[in-house]
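Q: This is what each chain is made of:
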Amino acid sequence: MHFYQCSPELVVFDAASKETILLSSVHAVILNCFIGLESRGNYSFDALKSACLKKLPIDDATFSDSVDKLEDMNLIELA
Amino acid sequence: MILKELPKKEMQALLSGDGLSFRAGRFSVKLQSNITSIYNGVAHLYGESEALFQQPADFNVSIKKSTGLRAFIRPNAQFLFNGIKPFTPLPLNQAFPLLEWGLNWCVTNHSHQYLVIHAAVVEKNGYALILPGQPGSGKSTLCAALVERGGWRLLSDELTIITLNGQNILANPRPISLKNQSIDIVKGISDVTRFSPVVKDTIKGSVAHLQAPKISLDNYCTPASPCLVVYPKYQKGINSYIQELSSGESFIRLADHSFNYSILGLEGFKALSALHDRVSCYEYCYDGNLDEALSLMDSLLPS
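Protein chains in written order, with this note's numbering: chain A, 1 to 79; chain B, 1 to 303.
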């Protein structure tokens, strides 16, 4: 995966499928928080949600949907 | 020597013989044809282009008139690239548009050392303004107005050629292709003697070509720095407006407009990333008021 940061959004390029996807600011924040947690070895859903809520107000449904999308894209993997 | 300095008989002999070599944009073309409208079109629209002798051409193409019975019954014209026929033949009266479309095909299919995007591009003060757009968006009309009236230099009306480091837009000035109503609109602001005859009933409707300005041809080696990406959208009767577009949205749109982004893979992604580090992106809905459009485009340039 390769990234182009164009804050608040993020463009992701999958070199294997050659697909280019635009991630919204919400996805970009979640991904950013996940990378922060991953460096500390914490992969839990709750930890990710807690970290994200500190950065942006987001309802449960939107958060869950966004996490599902990122997992589907193999960009994050939660415990 | 430029093509218009070549004696008519010599030019005809080359076209119908071993081939006439000339500069078409930034590429060299060797063209063979036995069709009168091809001779007329090349002599008129490429008259200011450099004639090339004794050097290999980037593209070897020919436009052949049908033979046998088809020479008499609904005669047609066939485009050939290195002897290959990439398209079905078109009616003979569409031979010159076929040549132009064929040359576009040559560039988009054989220039993967660059990122090639379906967009008009013009330059002023060293800054490039990229105008991507679907057919009917008013891209070519706006491009022609910028070049004919606005003091911008034509880099290309159809193909934006970007170096893979994303830092330069290369010029590829060739005749501007105009369709349907835009033909009369641009005739109203240009010298009509620089137009080809209108060819009707093509797959794109009525088509005419406008000579590229001489200053663009003379400066085909001078690149421009990417600065603006404006997505024009012509809508009759609306109140014109412009709105900033996020880099991400523009990135995805330009990738969709590119001919070889997916072929280039990671290199294409890196080129578009580097390009978007340098440009501001806008969507511009306009009602056809070209004076207003020209002022607006100028105002977007860095001071």
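To be clear, the hints were calculated from the coordinates, so they are not data collected in a lab. From the three backbone atoms N, C-alpha and C, an ideal C-beta is built for every residue, glycine too. Wrong hints could be hidden among the right ones.
Examples of chain A residues lying across from chain B (beta carbon under 7 Å, computed) [claimed, not checked]:
(1) HIS2
(2) VAL11
(3) THR20
Listed below are the simulated DSSO-like cross-link pairs for lysine-lysine, each with C-alpha atoms no more than 30 Å apart in a straight line [as the list claims (entries may be wrong)]:
(4) LYS49/A - LYS69/A
(5) LYS30/B - LYS64/B
(6) LYS18/A - LYS233/B
(7) LYS270/B - LYS18/A
(8) LYS54/A - LYS18/A
(9) LYS200/B - LYS64/B
(10) LYS55/A - LYS270/B
(11) LYS124/B - LYS214/B
(12) LYS85/B - LYS65/B
(13) LYS65/B - LYS204/B
(14) LYS204/B - LYS85/B
(15) LYS69/A - LYS270/B
Q: Name the hints, by number, that the structure is in violation of.
A: Failing hint: just 8.
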